[in-house]
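Taken in order, these protein sequences are the chains called A and B.
Counting from 1, one number per residue, gives the positions in the first sequence under this note's numbering.
Counting from 1001, one number per residue, gives the positions in the second sequence under this note's numbering.
Watch out, some of these pointers could steer you wrong.
[Unchecked claim] Below, a list of computed lysine to any residue pairs in the SDA-like style, where the Cα atoms sit at most 20 Å apart:
| id | chain 1 | residue 1 | chain 2 | residue 2 |
| --- | --- | --- | --- | --- |
| 1 | B | Lys1059 | A | Leu21 |
| 2 | B | Lys1059 | A | Ala63 |
| 3 | A | Lys141 | B | Ala1027 |
| 4 | B | Lys1024 | B | Asn1049 |
| 5 | A | Lys141 | B | Asn1049 |
| 6 | B | Lys1059 | A | Arg7 |
Calculated directly from the structure, the hints in this document are not laboratory data.
The lines below spell out each chain.
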Amino acid sequence: MIAPNVRVTNEPFDAYREEALLIEGCRDIGAVVTFTGLCRDEAGTLVALELEHFPGMAEQEIAAVAGEALARWPLLGLTVIHRYGLIGPGEKIVLVVAAARHRGEAFQASEFLMDFLKTRAPFWKKEHRSDGAAGGWVEAKASDDAAASRWGKDTS
Amino acid sequence: MRALYFASVRERVGITEEEIDPPKSVANVAQLIDWLASRGEGYAEAFANRTAIRAAIDKNHARRDAPIASAREIAFFPPMTGG
């Protein structure tokens, strides 16, 4: 089994470069899925998202979810990056790059990773509003729990 | 043991972390939440909605009935919204 590349950082990342690094020199990869999650401006009302995280546990939980993905699908490469700190509209928040021999495995593994990152990894989003009003914490969505539970075994 | 607070819980309690020394009768996560909630206005507000509180013992997600006797660090936070 390959070792996943997991990073939690306050620096911007280059999704294209991460994908290129993952598949560089590989001749057995037939499919690579790169998912990027970005900060939306919510129709102009949001100037930034502030992402708080629990250092140590964030890395550990992402690594645990990555390990479960690797146990489920025969991946040939896996990179997961999650940012924290102040992130503006259009900036990237999260990246999952999953490489496999076939597309089904790469698609499923990247979706699995995102579903469980949302419900297990200790990150919290706070909105900074463009009208200067005090922004609130983003509420967790029931739909995210539902998305995670469709994979069967509750891993939390 | 060390108590850590994150996001809305941190804002309401008013501090990021502290050393706590609950009585021996406080044996699990649920009882610790009840004990913390009784420590003052900010705590009461932070822990008012019990179902919206998650806990982690030594950086592992912990259920309400998880024992706290051997915990070095317990973190409290709202449901996660990363990704």
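Do the hints match the structure? See the list:
Simply put, Lys1059/B and Leu21/A have alpha-carbon atoms about 31 Å apart, too far for the 20 Å limit, and the pair is violated. Between Lys1059/B and Ala63/A, the direct Cα distance comes to roughly 13 Å. Compliance with the 20 Å bound is thereby established for this hinted pair. For the suggested pair Lys141/A and Ala1027/B, the alpha carbons sit about 31 Å apart, so the restraint of at most 20 Å is broken. For the given pair, Lys1024/B sits about 25 Å from Asn1049/B by alpha-carbon distance, which is inconsistent with the 20 Å threshold.
Between Lys141/A and Asn1049/B the alpha-carbon distance is near 16 Å, which keeps this suggested pair within the 20 Å criterion. For the given pair, Lys1059/B sits about 17 Å from Arg7/A by alpha-carbon distance, which is consistent with the 20 Å threshold.
Checked against the numbered hints above, the structure breaks hints 1, 3, 4 and satisfies the rest.
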